[in-house]
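Listed in order, the protein sequences are those of chains A and B. Take the first sequence: its letter number 43 is residue 43 in the working numbering, and every next letter is one higher. Start counting at 1 in the second sequence, then tack on 259, and there's your number in the working numbering.
Hints listed in this document are in silico derivations from the structure and should not be mistaken for laboratory results. Since no wrong hints were added, every one of them can be taken at face value.
Cut-off 25 Å, straight-line C-alpha distance, at most; resulting in silico cross-link-like pairs (PhoX-like, lysine-lysine):
#1 B:K399 - A:K64
#2 B:K481 - A:K72
#3 B:K481 - A:K46
#4 B:K399 - A:K72
#5 A:K156 - A:K46
#6 B:K399 - A:K53
#7 A:K132 - B:K262
#8 A:K114 - B:K262
#9 A:K156 - A:K110
#10 B:K481 - A:K110
#11 B:K398 - A:K72
#12 B:K262 - A:K110
#13 B:K398 - A:K46
Quick look at which bits of chain A chain B covers, simulated, 3 or more residues with Cβ under 8 Å:
#14 44 to 56
#15 75 to 81
#16 85 to 91
#17 108 to 121
Ideal Cβ positions, reconstructed from N, Cα and C, are used throughout, including at glycine.
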Amino acid sequence: MTVEAVDLSFTYGERMILNHVSFMIPDRSITTVLGPNGAGKTTLLKILLGFEKMDGGEVLYDGKNLHSIPSKQFWNSIGYVPQARQSIFPLTVEETVLTGRTGHLSMFEKPGRKDYAICEEAMHKAGISHLKNRSCATLSGGELQLVHIARALAGKPRILVLDEPETGLDFENQLMVLHLLQQLNQEDGLTILYNTHYPDHALDFSDHTILFMGEGKIVHGSGKQVLTKENMEHAFHVSVEIFTGFNRHAVIPVGKDQK
Amino acid sequence: MFKNRYSAVMTGTMIVLVIFALYALCIGQYSISFEDLIRALTGKQPPANVITVLFKIRLPRILVSIGAGAGLSAAGAAFQSMFANPLATPDTLGTSNGASFGAALAILLGLGTFGIQLSALLAGLLAIALVFVVSGASKKNVSILTVVLSGMVISSLFSALVSFVKFVADPNDVLPVITYWLMGSFSSINLKSLYTGLPLILIGTVILYLIRYRMNVLSLSKEESISLGVNLPLIRTVIIVSSALVTASVTAMCGVISWVGLLIPHIARMLVGNDNSRVIPCSIVCGSLFLLVIDTLARTIAISEIPVSILTSMIGAPVFIALLKKTGGDL
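Only chain B is shown next, with the shape it has when bound in the complex (with noise of 0.2 Å):
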């Protein structure tokens, strides 16, 4: 039926998330009847607060969430690539503490749910410029070793600086909103959020999937890789950039979100092997399916939210085990 296991894994997965997301557009606190919500999408006529929850809050926060399993689904399978080290994630470059720092620095600074956004995007941003800096990451005969090493001292860095926020924050109100925030949520996601963030995110994504391809030799030793006619600085500044715009939009938008970007890559290549020209499409469409669940279970199996990174690690540990298991772990 299918040409080969590649397309019937994209297919079914594929499949599987337009159903799902049709699925999650219904449930919810209020729940929408599956004939509104056709009716909705089909532009005619269902009652107003349909209209609202559907395309004010619900689609939203679906989108979101899926665009950031996307992003940091093939934000992670890049760095593992380009860092030739299975272990690597979006938030190896600090990219995700500087973002952290800056959403935490707004809340003690009383400033509003946009305002927190913008400020986490900043210092995430600003938090990979100074890799760069530190690194010379853009730079020729730099080697990759220099900019992991330069990521984790600024990466550690600024989670010092959030420790410091938290340190000095009000225990009694302030403190435990910095607490929740740093779990992940897409509670706070608007239609404002959306047209800010969500483009960031899909720009970064869309890169990293043009560029797939030069993604294999990027594991090779830095002689090899230029050898094959690859321009290492250029090739590693896109990659590093890219990434850094959907770590740094997804943190600022939803808080950290950990797991995604290291397991989705690694349940990828059990699927579909090494080959990034595959690696990047599979985790894009897993990641996506993957997070948009754990976003539907967050908001719907209790009655306050619970936050995304406790599920994405109570979910993703279990089912990485499983597959580990059943390919006997040869990746």
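For reference, chain A alone in the conformation it holds in the complex (with noise of 0.2 Å):
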């Protein structure tokens, strides 16, 4: 499924969020937005949702607009996973996953045996099968993170957009996270949209960036085009050096821009 954005214009008060931008997201790529505490990364992927109105633009889903899409269709094509946080009632790990499963349900409806073979699945392939009976209140962060995205999972979604999924994590928490999301978008072909605030996994774990620049403006296109030394000092306001070996990237912020 590809996601295009025409034309967005955002306005958060006096400050200028999105002016006149357009990007596509290409179907059955990992596409990262980056960009400094603020500039809009969460408000980005909220009006992509729908869930933010912008002052103008549209946003098309293989080139049809977002709100000419039945709600019930449009969540069943995207699954979305915010930032983890418990839950006032935390249910178990399986209870969770299922609720991944209500849209498909009708208003009366409960959970049947499809609904829980289509759980299974999903915990096999976070790889947290282990842990369905425990509660979610007993779960480390990076556990909860591979619920919240086998919960998505269980939707059957084409789109999974998650907002920062590796925030708070450690090192082994979060290559995990990232390498779940490259297994689902090899395999499964699912397009995969999400915030990072880390430029590294943006080089290494994504086809496709999008940079908030400042004053409403971003640059777009592959990580190696878009993610340069010019383009990161202007975004984040600091000098940045780029180290490469292993196959992976390193971007190191090495002193506070002087300008």
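Reassemble the complex: the two chains are provided individually, in unrelated frames, and hints are given to aid placement.
Set out below in structure tokens:
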């Protein structure tokens, strides 16, 4: 599924977040969104999902306007993974993943055998089958993130949208989440879109990057085209060095911009 | 013996409920022997006064206390999920204060039992209608906090109106009646109130039961629940209206019954976990049993009736504390 933003504009109070911005998220790509705090990364995701009203422009899914797609059909093709938060009344892992089936059930329906089987598969993919009967209240941040990804997968989406999926996780869990996203993209053909604070991840784990440059402008393209030393120094107001080795990139902020 | 803890809890509670209901039919100021009860229930001819006490007085009252316990507990569980707040009760949006005002006003105007009940029911539903108007709860993009705050405003408005009615009421005869009514009692239940009030309680409870699975998603953030495919304005409206039907008719028939809607859902969660597809049925059976026991005590332990809300608190609090200790507060 392709997602296309055409001429988007959005202001937050006096502040210009998006100024006539257009870009395309190719089908079956992994796309990352980068930018400094408060630049509008989360806002952009919310606009693309229709949670936030834009001032102008339109969002197209496979060429169709977001608002012309019936809500049920729309949400059955999208899996949304917000920043992990504990629930007030924590469910078990399996119960949580099952809630991912809600959109496929009628108002009075409970999940049936088929839904349980789909959840089993989603938990297996996310590598959390062994946690099945644990309460979500007892999970670590990394495990909870994987549970929320499995919940999104249970809805059988074609696009996965994640809000900072690796923030707050340790190295092992970060790699676990990033590898899972890659695997879902390559094996299941999911289109994946996520926000991140890590240029390294955008360079090594995504095909396509959108970088907020300030004053409502963005640049987009492949990670290597977008995440150049110059662009990042402009966007983040720091001087950076990019190191390569072991098939990985490391972007290091070396000092505050003196300008 | 049982498939899991849930079926054990449900079966056990239902058996106790049936046994206790039969027991409650027998005891009271006019006690009925077990043989007479069986004869009456199987259609054989017991003494005429047994029939009168059983079917005109005791059975309606027992059915209403069971229905009220079920409905208030289901509504409490639904509100706690919807507001993502363990302290929410069916009264949170002001329905019972609205109904109290309707009743107090009717008592002041000297209306009869049925007039009081009708006035209370209408005022309770009026309160919830006002909450919808003020908060726009049935519209898209309304935060649940706006709904709660609107409910609190409407609730305190009606609470002030109740105080006003009490203030102007004659302190010698009318005021004590209002005060006693507000403490809750099933004593004025008769066949007529059974036919008008109980169906509304049942409709509300059945709807809450049917949509119970969707409640799991409601305690998440607004965006999260929409993304999981829930029609948020619709489901909120259904829950608020169903709970209001329950609370307004319970309050109209029996006065204010506190604690049940807060306490029972928590007991249910301690017993069967947090999944609402189990919490709602478990709240329904536990709430029925709890209120039936309370009402039976209310009409049997002293010569005059004890207001229900006094007993729900006095018995509910220690039960809840014991459960908290036992589970270590691990809800």
